[in-house]
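Undergrad: Residue numbers (numbering that gives the first Met the number 0), protein chains in the order written: chain A, 0 to 330; chain B, 0 to 335; chain C, 0 to 504.
What the hints contain is simulated information worked out from the structure, not anything from laboratory work. Among the hints, erroneous ones may be present.
To be verified - When the alpha-carbon atoms are kept at most 27 Å apart in a straight line, the in silico BS3-like pairs for lysine-lysine are as follows: (1) Lys118(B) / Lys109(C); (2) Lys194(B) / Lys218(A); (3) Lys110(C) / Lys194(B); (4) Lys376(C) / Lys329(C); (5) Lys325(B) / Lys268(C).
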Amino acid sequence: MLGKYAKTIVLFIIMVGVFAVMVIFLQDKFLTVTNFQSISSQIPEFGLLALAMMLAMMTGGIDLSVVSITNLTGVVAAIILTKFAGPQMGEGQIILIIILAILAAVAASLVCGFINGFLIVYVGVPPILATLGTMGLFLGIAVVITEGHGVTGFPDKFLYIGSGTIGVIPIPLIIFIICTLIVALALNKTSLGLSIQMLGSNPVAARFAGINNNSVLVKTYLMTGLLAGISSIIMISRVNSMRPGYGYAYLLTAILVIVLGGVNPSGGFGTVSGVVMGVIILQLLQSGFNILAFSPFFKKFIWGFMLLLVMVINFIIAGYQQRSGKLKTRA
Amino acid sequence: MNTKIKKIFKHNEIYLFLIIIVFSLIITSINPAFLTLENLFDLTKSSAGMGILAIGFFIVLLSGGIDVSFTAIAIAGQYISANVLMASGVDNIFLAFLISCSVGVFLGAVNGIFISIFKLSTLIVTLGTLSAFHGALLAFVGTKAINTAELPDCFKVFGHKNIFMLSRADGTSYGLSVYVLILIGVVIFSWLILKYTMLGRGIYAIGGNRESALRSGFNIVGIQFFIYCYVGFLAGIMGVMHISLLRYSNPMYIVGTELSVIAAVVLGGARITGGTGSILGTLLGVVMISILEKNLVLMGLSSYWHQFFVGLIIIVGVSITSYQNKRRSIESLTFR
Amino acid sequence: MAEELLEVKNISKAYTGVQALDNVSMSIKRGEIHCLVGENGSGKSTLIKIVAGVVKADEGEIIINGRLYKNLHAIDSIEEGIQVIYQDLSLYPNLSVAENISLNQMVEIKKKFISWKEVKNNARAELSNIGKELDLDVMVEDVSVAEKQLVAICRALTHSARLIIMDEPTSALTKSEIDSLFSVILGLKEKGISTLFISHKISEVLKISEKVTILRDGRKVGEYSTDELDNDKLIFLMTGKKIANSSFKYKGKEHDRKVLLEVRNLSKKGNFEDVSFKLRKGEILGITGLLGSGRTELALSLFGLNKADSGEIYIDGKRVRINSTQDAVKLGISYLPEDRLSQGLFIEQSIGNNIIITILKKILNRLKLISSSKREKSIKRWSEKLDVRAPSLELAVQSLSGGNQQRVVLAKWLATSPKIFILDGPTIGIDIASKSNIHSIVRGLANAGIGIIIISDEIPEVLQNCNRVLVMSEGRVIRKIDDVSDVTEEELFNIVSRKELIKVS
């Protein structure tokens, strides 16, 4: 029985362990308010991307275009915010524009997700290739719209999303927590969520069991797109600008935290809590590296190396489990 | 005679070839300078490197895998060999190739170990190594660009070497670069391996039906190891060609161009599931992408459209083959 | 010099919960044509894999060419000249016919380079050996199933083979192709090459073999020379005493015999043609025939996975269109797939998840979320009803025995309260006790009013459990038997194997 929660417990221990190591070795520099603020500001936008990627991987696929979707939706929102909102506008109008921008971003993210879903389900393109293509396509559109330049200067009210707080808790964190809960609920407690897990485990058996694979997959990629879109809104409101080409380092680290968090890349297994802990572990490490002033290049090396390490460890554990018969019991 | 013609049309390559012809004609009508010998020579020189990378990627794809780390390997080979040459004072292009290719094979072997021995997912492994290799290069070797003045002469000389020269109206001359020879060499060598050795047939076998390949007695671990080392080797070659072409080296270059190469290979008809495709198709794909990339401006589109088109090409190219595949599996009642 | 090419002594092999082989011994002489006979699940495939060195026996010895192997590896087996043609054929879809035929041999002799001329000549020679011609340059994926079998057979023949093992090679061959194959086997005999032919088709066994080893439930029932056997004796030896002596008796009374399903002139190009039949409440209709006769394709059409080109389907008298599995389930149709492991079960998922996957809508609460209590209740109810035995219902399904696994698949469909239940090969690879248990479950369902279709290869299973039978061959219904008591086992065998061809045409 404990086996089901074993992975989660291990992850929790690792998370606490990393935290402890950071505290011990970096002491004062780690335990500062600014440090925690910086950690908690990165977690939401990155965490949402990880959740997005997780959903795609649960179905046995992958979505390489999440960062591009973020870019495109960010550009869409940014354009609306800057082109339509002028300093002479009344408060009510500005809020309207902000809402419009957010809705447009959401709509754009859903369209992107739909395109992915369409290619994968109705044209039959393997997810790797489909999202590899849309990765370029979506970024390309973003670049064409902005001609490569950044877009800056958003209304203050909008920036409130990124930098404001409700009580002590930053708004982005609240958004992230809400999204996490919704995704966890959807995955574990709705028929769509269970269908996603079963489909990821065995798409053929899912068809034979009466599950509408096409509908499930399209919905999955729609959700992926949506989460990426929300992430972009948080992102641009935090930095008050949008420049296409931003965030591609997140692609690798998103896959890293998902694999770290116990998601099986071939589909069917994984927990939201695992991914969230993976995100936290990564951010703790990230902040530690920042304090130690690691160069971004060294960090790049470490993330890549860690991904390989985690995969190898998973491989060894799986082999051990099979051999000791942990997966099988006598009927 | 009729069936022979029908057979030719069955292959994707013929359609791609026709599209290239049509495209070239359109461009020539806008800019007559396109279809000149000089321009074509130039095009060949600048796309030879991509062609070599594409062949490497193609071979990996044939075996049913994916390798996205080849760009990092290429720049690593390039940067390391340039630095070594500069530091040691030796000014020899063959040494440069030797170093670059050795680095390439070494890094390829790292990929090989993770993929063939640990049997990990090829996409995720190479995503990891792409980051690890590039990060390591920048963090441990350096980030300083090498400008033309500092660059050892052998590179510059090599970059200028031509097979033969022709003269223009005003007396100046241009030539067909030796890059063509290297490309042809790689093409022939790869083709020979694929078509005439058991190693090559083994690659096709693994891509076609891995289980059967196991049962047939193929040495799958060995073959896969070879594939990734070979890609690394080719990336090493491209690295030296690249630095000699630009007469400049920045360790941030090359990485980021993976999509173009993948687009070229996919356009050439290679299937993502492995087992099918041809070197000819790959080369045609490279030609198509190169022409596209260089002439976007001519077509009235700013260079910002580049990403968009590469993405679009991948999608369209892959959609066609995937859809055909899908129809075929529905008819035969195989459930994916 | 030993006369025995292959000798296996006291071979035993167990998988979790099932004793696949129990103290089996067998021997094959040089140049002998030997048949290994038994029903599905009798242990034939396991024995073959052990001889091929692909699976290790728990106990026993293997002696090939006089050499004793305690631990046989695949490469040893191949080098001793043992070639296996597996049922899945193991071909390369992306390579040409010629290459598929010649490739294995080149791997074996450790060739480094390829001469395409040699490849083609080789292939041509082997094909002409069987008296067949195929386009050598065609990709195997573009070739028909029968042609694929020929390629697989040719491939095995090119090796310095001493023993060729064929696992159910005639499943998709026509009569003339089977005759060709038999003449090839005879030709091999003349060259001193032995053939081990695995089959459960009586007529073929009697026709081609010299010696027969019969397996039943993992044990060897006997080894006979073919002259000593005839149809009846062989059937009896294969199936043994019938555990359930009773046959299914259709209980429907005249006024109760509502037609649940009617199929009229259903056709699908390449699969089946002009199929018509009715299924009444409480009936068990058997559909039998050789593999490739279109039975499964027909079933898939009724389940929404293989839309027919023409014809009509009526459920409860109303014309319906079944375009997807969702349509089928909504209409009350359930389908137990042929391939339990990859189509019927989510092997790594829990038993519980496997059971409720079909009734997700039924276990939702008012908020459209999955209610844990409803979920637990459903899992408990259906696993108990079908007597699924496991230490915990949260364990992965892969830990269960074949019989238990099949019960899980049954459970998941029964949970949907189907009106029509199609079972495709329901007792393949299941031990005899579970088999009869599943049969009684199915009969119970029929008596409760569900209309059942059983698709099966096993004549005795069909005769004991169905009250009506359709015999299909090459896509057409060639015989309708409206009352099962009208026909004997032997007669049904003859119809199925088309021995009656002369009479009918």
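Undergrad: Now, for every hint given, state plainly whether the structure supports it.
TA: Now for the hints, and whether the structure bears them out:
Proximity of lysine 118(B) to lysine 109(C) is assessed by CA-CA distance (about 25 Å); at most 27 Å being required, the pair is judged to hold. Annotation: proposed proximity of lysine 194(B) to lysine 218(A) is violated, straight-line Cα distance about 44 Å (limit 27 Å). For the given pair, lysine 110(C) sits about 14 Å from lysine 194(B) by alpha-carbon distance, which is consistent with the 27 Å threshold. With a CA separation close to 23 Å, the supplied pair lysine 376(C) and lysine 329(C) stays within the 27 Å bound.
For the suggested pair lysine 325(B) and lysine 268(C), the alpha carbons sit about 18 Å apart, so the restraint of at most 27 Å is met.
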